[in-house]
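*Asks:* Sequence:
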Amino acid sequence: MERLSEFDRPWRPESWLGVTGAWCLAGVGLILILMAGVTLLVYQTGGTSTSYLNFILIPVLLGAALMGLWGGLAFGLLAGLLLGPFMPLNVDEGIAQPAANWMTRAGIYLVLGGFSGWLFSQLRRHANRLIDQAYLNPVTALPNRESLEQKIHQLMAQAQSADQPATRVFVVSLQMDSYPDTIGVLGFAAERPLLKSIAERLQAVAGPANALVYHIHDDHFALMLPHSSRPECLATTQKAVEALQSPFEVLGLQVYLGAHAGVSSFPFHEQDDPQRLLTKAWIAMHEASQSGRRYRTYDRRSNDASRHSVELLGELQDALERDQLRLHYQPKINLLRGEVCGFEALLRWEHPQRGQVPPGQFIAQTERTGLIHPVTLQVLDLAIADLLAFRAQGILAPVSINVSARNFLNPDFAQTIIDRMETAGLPASSLEIEFTETALMADPDEVIGALRRLNGQGLALSIDDFGTGYSSLSYLKSLPVTTLKIDQTFVSQMATQRVDEQITRAATGLAHDLGLKVVAEGVEDEQTLAMLRELGCDDAQGFGIARPMPFDEALSWARQYSPAPAQDSPVATGHRDR
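Numbering (the numbering used here) for the sequence shown: 935 to 1512.
Hint data in this document are derived by calculation from the structure and do not stem from the laboratory. A quick note: this is a predicted structure, and the numbers were derived from the prediction, not measured. Any given hint could turn out to be false.
To be verified - Calculated pairs, EDC-like style, for lysine to aspartate or glutamate (alpha carbon to alpha carbon, straight line, at most 20 Å): (1) K1173 to D1111; (2) K1130 to E1166; (3) K1173 to E1134; (4) K1130 to D1115.
Said to hold, decoys possible - Pairwise CB distance ranges (calculated): (5) D1447 to A1323: 17 to 27 Å; (6) G1359 to L1270: 25 to 35 Å; (7) D1459 to Q1179: 43 to 53 Å; (8) L975 to G1041: 17 to 27 Å.
Even for Gly, the Cβ is constructed at its ideal location relative to N, Cα and C.
Between the sequences and the hints, there should be enough to build the whole structure, so can you do that?
*Replies:* Written as structure tokens, this is what we have:
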């Protein structure tokens, strides 16, 4: 496998540890001049009886550093001869050196030069290994992220030079779709051959396009296309992704990985730097993965939205500690009796600088992190406190809270709800747990077990947004649920869209056949209420009945609400302006 090309080679210690060519000849010449100078100095100062002869060690060590073991031996031997039989012990008195004297000294120079040369050779090899570790990936021998950043920095500096023609640099970030799953099944024995195969395919694509391949980490690779155009870059990206779609043969098995990619370019913005350019490519790659596309180019608007989400997630911990989370309540009414039959608790974030932050801007992010657990527990505590206040005012309608799939994967979650309800002295029937069908996909057995523990204590369980997730009738018949909520996607348009009315009718009939209560979400007008009543739907909620409101307003609304006869619209006159 090809290592770094000269075009992409970073600074390496060979520049001072291993000199070659003309520089090497110049170095040898300089050392010989130094030796001659020391020899002349020793002779002029009276011979080897003076201490000046020790200066000969300087060119010997320089020769060892320049040429290694054999160079050190050669220069050591030469130094021994120059200060040997032809150099008097005392020039003025004409006394020659004893043979044992100069031979011993020559031997010392020879050993010292050879050992120093060997030591410098070992130092050079060790430095090369360290540089390889710093600039090359040990598995694929491809340049790594540090090399990529250095090269980008070099090209950016060239682009800013007035005497350089305008150029554009593209960076393509690539990652496999199912690499972690594959390694999890085949083990780490498959890692090296798999990564080498990926590298070979990318190099085969990069060569004709004059692109450079980098191995960032694990299954994350990058291509850099200097002096390229956008169509050329996108064509190369397409080829690279397609090359990774074919199965890999690993440990005798055909393994499919798939890949997605993101593209960023320079110059793009005045504040670009190597790290930011790589980050943009990574963001685009992540968006490609989320959207199901093979590749995407960087979009500044998406970056701004992602940055906003990251900032909110970082501030959410403070929001938990400073009680910035609030619950708003949306009433539900019974379509037969026309009375309030419950409230759904909806989370709101009262941010001191941003104002009210909608849950859609932070809930999805918290569900992907451990923050969803403290958020849900705080929602539970707020709902219990408001339930006590509702009941103190004679409002006995239950309150429902929404629970994430990750909450059910906590083995203590169900018992935590039960314990806090018992501590508050509330009957289990006063709280309803809402969850979506997608919650079952995380771990069906674990989720169903938690639901059964909750149901066994008397808590009502409701499937939220029915029809929009991974609906499974096999799970539906085994779930210990009491209520099915039809999503507003079907309810809000059922008065004008026949297919929505048919879906709502079918879902209502299915739920009733299974012995479940039906709640319709997204009721916008009285015509929809009349149709739902005709279909036999049990309860309804939506903006046509009441918008979500703070606790005090919800309490006032419930007091003022006047149940209407079943044959009339159950929409109360007291809430139309809300």
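*Asks:* Each hint needs a verdict: does it hold in this structure or not?
*Replies:* How the hints compare with the structure:
no. : hint                       : verdict
1   : K1173 to D1111             : holds (16 Å)
2   : K1130 to E1166             : violated (26 Å)
3   : K1173 to E1134             : holds (14 Å)
4   : K1130 to D1115             : holds (18 Å)
5   : D1447 to A1323: 17 to 27 Å : violated (38 Å)
6   : G1359 to L1270: 25 to 35 Å : holds (31 Å)
7   : D1459 to Q1179: 43 to 53 Å : holds (50 Å)
8   : L975 to G1041: 17 to 27 Å  : holds (22 Å)
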